[in-house]
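Chemist: Work the whole structure out from these sequences, hints included.
The chain contents come next:
There are 2 protein chains.
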Amino acid sequence: MTTDFARTRSYFELPEGVAYLDGNSLGPLPKAVTGTLDTTLRKEWGRMAIGGWNRAGWMEMPARLGDRIGALIGAAPGTVTLGDTLSIKVYQALSAAIQMRPGRRKILSDSGNFPSDLYMAQGLIDALDRDLELVVVDPEDVRDHLSEDVATLMLTEVDYRTGRRHDMAALTEAAHADGIVTIWDLAHSAGALPVDVAGCKTEFAVGCTYKYLNSGPGGPAFIYARPDIADGIRPALAGWLGHDAPFAFEPDYRPAPGIARMRVGTPPILQMAALDAALDVWDEVDMDDLRARALELGDRLIDGVAAACPELVLATPREPARRGSQVSFRHPEGYAIMQALIARGVVGDFRAPDILRFGITPLYIGEGEIDRAVEILSDIMARKSYDRPEFRTRNAVT
Amino acid sequence: MTTDFARTRSYFELPEGVAYLDGNSLGPLPKAVTGTLDTTLRKEWGRMAIGGWNRAGWMEMPARLGDRIGALIGAAPGTVTLGDTLSIKVYQALSAAIQMRPGRRKILSDSGNFPSDLYMAQGLIDALDRDLELVVVDPEDVRDHLSEDVATLMLTEVDYRTGRRHDMAALTEAAHADGIVTIWDLAHSAGALPVDVAGCKTEFAVGCTYKYLNSGPGGPAFIYARPDIADGIRPALAGWLGHDAPFAFEPDYRPAPGIARMRVGTPPILQMAALDAALDVWDEVDMDDLRARALELGDRLIDGVAAACPELVLATPREPARRGSQVSFRHPEGYAIMQALIARGVVGDFRAPDILRFGITPLYIGEGEIDRAVEILSDIMARKSYDRPEFRTRNAVT
Numbered sequence: 000m001t002t003d004f005a006r007t008r009s010y011f012e013l014p015e016g017v018a019y020l021d022g023n024s025l026g027p028l029p030k031a032v033t034g035t036l037d038t039t040l041r042k043e044w045g046r047m048a049i050g051g052w053n054r055a056g057w058m059e060m061p062a063r064l065g066d067r068i069g070a071l072i073g074a075a076p077g078t079v080t081l082g083d084t085l086s087i088k089v090y091q092a093l094s095a096a097i098q099m100r101p102g103r104r105k106i107l108s109d110s111g112n113f114p115s116d117l118y119m120a121q122g123l124i125d126a127l128d129r130d131l132e133l134v135v136v137d138p139e140d141v142r143d144h145l146s147e148d149v150a151t152l153m154l155t156e157v158d159y160r161t162g163r164r165h166d167m168a169a170l171t172e173a174a175h176a177d178g179i180v181t182i183w184d185l186a187h188s189a190g191a192l193p194v195d196v197a198g199c200k201t202e203f204a205v206g207c208t209y210k211y212l213n214s215g216p217g218g219p220a221f222i223y224a225r226p227d228i229a230d231g232i233r234p235a236l237a238g239w240l241g242h243d244a245p246f247a248f249e250p251d252y253r254p255a256p257g258i259a260r261m262r263v264g265t266p267p268i269l270q271m272a273a274l275d276a277a278l279d280v281w282d283e284v285d286m287d288d289l290r291a292r293a294l295e296l297g298d299r300l301i302d303g304v305a306a307a308c309p310e311l312v313l314a315t316p317r318e319p320a321r322r323g324s325q326v327s328f329r330h331p332e333g334y335a336i337m338q339a340l341i342a343r344g345v346v347g348d349f350r351a352p353d354i355l356r357f358g359i360t361p362l363y364i365g366e367g368e369i370d371r372a373v374e375i376l377s378d379i380m381a382r383k384s385y386d387r388p389e390f391r392t393r394n395a396v397t
Numbered sequence: 000m001t002t003d004f005a006r007t008r009s010y011f012e013l014p015e016g017v018a019y020l021d022g023n024s025l026g027p028l029p030k031a032v033t034g035t036l037d038t039t040l041r042k043e044w045g046r047m048a049i050g051g052w053n054r055a056g057w058m059e060m061p062a063r064l065g066d067r068i069g070a071l072i073g074a075a076p077g078t079v080t081l082g083d084t085l086s087i088k089v090y091q092a093l094s095a096a097i098q099m100r101p102g103r104r105k106i107l108s109d110s111g112n113f114p115s116d117l118y119m120a121q122g123l124i125d126a127l128d129r130d131l132e133l134v135v136v137d138p139e140d141v142r143d144h145l146s147e148d149v150a151t152l153m154l155t156e157v158d159y160r161t162g163r164r165h166d167m168a169a170l171t172e173a174a175h176a177d178g179i180v181t182i183w184d185l186a187h188s189a190g191a192l193p194v195d196v197a198g199c200k201t202e203f204a205v206g207c208t209y210k211y212l213n214s215g216p217g218g219p220a221f222i223y224a225r226p227d228i229a230d231g232i233r234p235a236l237a238g239w240l241g242h243d244a245p246f247a248f249e250p251d252y253r254p255a256p257g258i259a260r261m262r263v264g265t266p267p268i269l270q271m272a273a274l275d276a277a278l279d280v281w282d283e284v285d286m287d288d289l290r291a292r293a294l295e296l297g298d299r300l301i302d303g304v305a306a307a308c309p310e311l312v313l314a315t316p317r318e319p320a321r322r323g324s325q326v327s328f329r330h331p332e333g334y335a336i337m338q339a340l341i342a343r344g345v346v347g348d349f350r351a352p353d354i355l356r357f358g359i360t361p362l363y364i365g366e367g368e369i370d371r372a373v374e375i376l377s378d379i380m381a382r383k384s385y386d387r388p389e390f391r392t393r394n395a396v397t
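These protein sequence lines map, in sequence, to chains A and B. Each residue of the first sequence is one higher than the last, beginning at 0 in numbering that gives the first Met the number 0. Each residue of the second sequence is one higher than the last, beginning at 0 in numbering that gives the first Met the number 0.
FYI, nobody ran anything at the bench for these hints, they're computed from the structure. There's no promise every hint is true.
In this list, chains with the same sequence are indistinguishable; a pair is considered to hold if it fits within one copy or across any two.
Said to hold, decoys possible - Cross-link-like lysine to aspartate or glutamate pairs, in silico, EDC-like; alpha carbons within 20 Å at most:
#  : residue 1 : residue 2
1  : K30       : D3
2  : K105      : D386
3  : K383      : D128
4  : K30       : E283
5  : K105      : D128
6  : K200      : E132
7  : K200      : D386
8  : K105      : E172
9  : K42       : E12
10 : K42       : E15
11 : K105      : D251
12 : K30       : D370
13 : K42       : D285
14 : K383      : E139
15 : K42       : D143
16 : K42       : E389
17 : K105      : D143
18 : K30       : D279
Modeler: As structure tokens, this is what we get:
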């Protein structure tokens with residue numbers, strides 16, 4: 000193992016006295032971000048103002064950072080761009096995929112997909128008002144539903160609730176055998192485990208940057224399109240920064256070559272600057288090391304909870320290859336248990352209806368946090384100390 | 000006049016030695032932003048991490064800041080939300096408007112609209128693949144093209160090139176007489192002049208915040224929907240944060256009541272925090288004062304240039320009511336002239352094919368900047384000192 004995880008940990012500002020097992024929801028603050036933002040504000044926006052678009056390289060950030068993310072997901076330079084939110088990127092991929100298979104009437108997804116991906120498909124179908132249907136099946140039944148009337152298969156590689164991981168390469172290959180366009184949502188994959196978008200030949204991949212890539216709340220999303228199809232995409236969201244010559248201000252839309260046509264409006268430079276600083280840590284990380292370490296820590300949590308809290312039911316596949324980088328448990332009192340944990344400094348999160356999630360992020364957590372989580376969870380369960388009204392009060396964001 | 004413009008000026012960090020007449024493209028850095036961002040990073044993201052969504056009020060920022068912007072454009076609380084980019088907000092309004100008038104086949108706009116608005120309409124029409132047409136007419140011909148086969152009239156109130164201002168109230172009323180849904184782009188209006196979206200009864204208004212509202216590069220966009228129609232909108236971009244219960248993670252999309260359904264994905268909190276700080280200045284500004292002052296400064300620029308540089312042709316209407324808060328001139332060598340001006344510390348910008356634009360932003364510019372611009376422009380024209388190869392080299396962003 001060549002990655003020094005004690006060193007990577009030193010790059011993060013971790014909430015004091017907390018075992019932060021929620022980096023799968025929002026990564027913690029990389030220390031470098033504060034200085035970078037200060038530079039972006041004072042030296043760039045403050046001193047250059049409009050000149051920052053050229054002189055500070057703002058306009059090129061979606062492409063430059065796209066390449067940095069591409070390196071983490073097996074995408075060649077020039078095939079990833081950044082901007083907007085993940086839901087918008089899903090919409091772009093979906094509408095392009097439908098246009099690529101005009102005779103087909105099904106969008107296939109599964110019940111383990113993140114709801115916003117399903118909602119975006121529903122909104123698109125409603126807007127198109129054509130004979131299109133979203134078919135949502137159980138994750139294990141996806142393969143059986145591949146057929147020649149499916150236009151696109153849209154899946155999230157790692158289930159946001161259970162952490163179950165699809166076999167991206169195998170499903171993509173099976174889908175392609177039926178001429179289906181694939182869209183992979185890598186929200187819980189990018190920065191979490193090795194991904195090879197080019198190798199598996201998927202047409203599209205999308206993801207967010209504020210989870211395992213630590214870009215901060217509301218950081219920009221990314222989209223990849225396979226180079227051989229990118230120039231054929233007709234963007235539904237035909238924004239000026241995806242135009243071939245945005246500053247010619249032509250009356251008609253002409254898409255830029257390649258992935259740049261997936262840009263829409265003015266990029267969020269403050270969020271991009273935070274992401275840029277956050278990505279530096281990856282220069283010192285070997286993704287295979289990261290994966291091995293995450294599985295080791297995940298096993299430690301699974302084994303610890305199994306021994307100490309038998310009433311919590313493991314929701315994540317036990318087999319390493321079949322899980323992502325989180326470990327989840329089910330319990331009918333999941334919400335209250337998680338609030339009790341958070342009150343004692345173990346931060347995971349809850350997902351309806353009954354899932355306790357723990358993000359395993361070796362960049363900044365280790366055995367200490369895992370052991371502390373097990374110990375406190377075990378104490379809470381033994382004393383039933385979650386059984387209090389204040390732990391049942393729902394927050395706006397839960 | 001109750002607004003103290005010397006005081007508002009002191010709130011901005013202006014590029015040193017520069018007459019900054021480009022706030023209509025990117026507002027300068029409000030001094031308060033630096034401290035606010037530092038708090039958002041260190042005290043919120045750093046200390047609270049995921050807890051920031053509840054404890055720091057991040058999740059409510061689109062609604063809370065929407066209300067702050069609403070107060071500047073005549074919109075009632077709860078009728079404006081924030082997020083994404085202006086192009087995305089245009090798309091949302093357009094697709095909703097089309098669904099509201101299913102029997103009609105035209106989207107009417109004008110050649111003074113910002114190209115991205117036209118591109119988004121083209122992309123939407125292409126994706127819908129129905130009998131829909133974008134009709135683009137000259138600005139003065141809009142009224143003659145209103146008819147009962149127009150679904151929606153989409154205009155930018157103030158022309159980004161010439162600064163010509165439409166009569167928003169009159170055109171909206173005329174459009175409504177034909178049952179047309181109106182969409183006003185307020186990119187060059189919000190924070191530039193008094194706007195009364197509720198009073199003119201437009202169904203939709205959209206705008207950006209990085210121009211006259213000084214939120215910084217890539218700041219979030221806003222969208223207003225008239226309260227009586229908001230609950231009937233079927234969002235094409237059906238993102239989870241526009242769901243009635245995003246954290247219930249239901250399989251089917253159910254839009255939130257009112258304008259909240261125009262939210263899509265996770266809001267960009269760093270950009271939102273910058274906007275929040277940038278909006279503070281408006282607590283001390285009377286919009287009528289601002290308008291009077293901007294017209295006075297605009298007249299000073301128009302008169303000065305007319306006297307000193309007769310070869311520059313005024314592109315902006317002379318009549319105050321017919322112009323926004325910028326003054327533009329035409330010259331075949333416009334690009335090189337603007338580069339020569341910028342090299343001497345007078346920052347405006349150029350818009351193809353031949354427009355020199357100067358933003359008139361009384362929050363932080365006054366007679367000094369106007370007089371300096373006239374003096375240097377006059378010198379450049381007299382000596383033809385723009386006639387150099389280095390001033391003809393095009394930048395990525397021009």
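Chemist: I'd like to know which numbered hints this structure contradicts. Please list them from smallest to largest.
Modeler: Failing hints, ascending: 2, 3, 6, 7, 12, 13, 14, 15 and 16.
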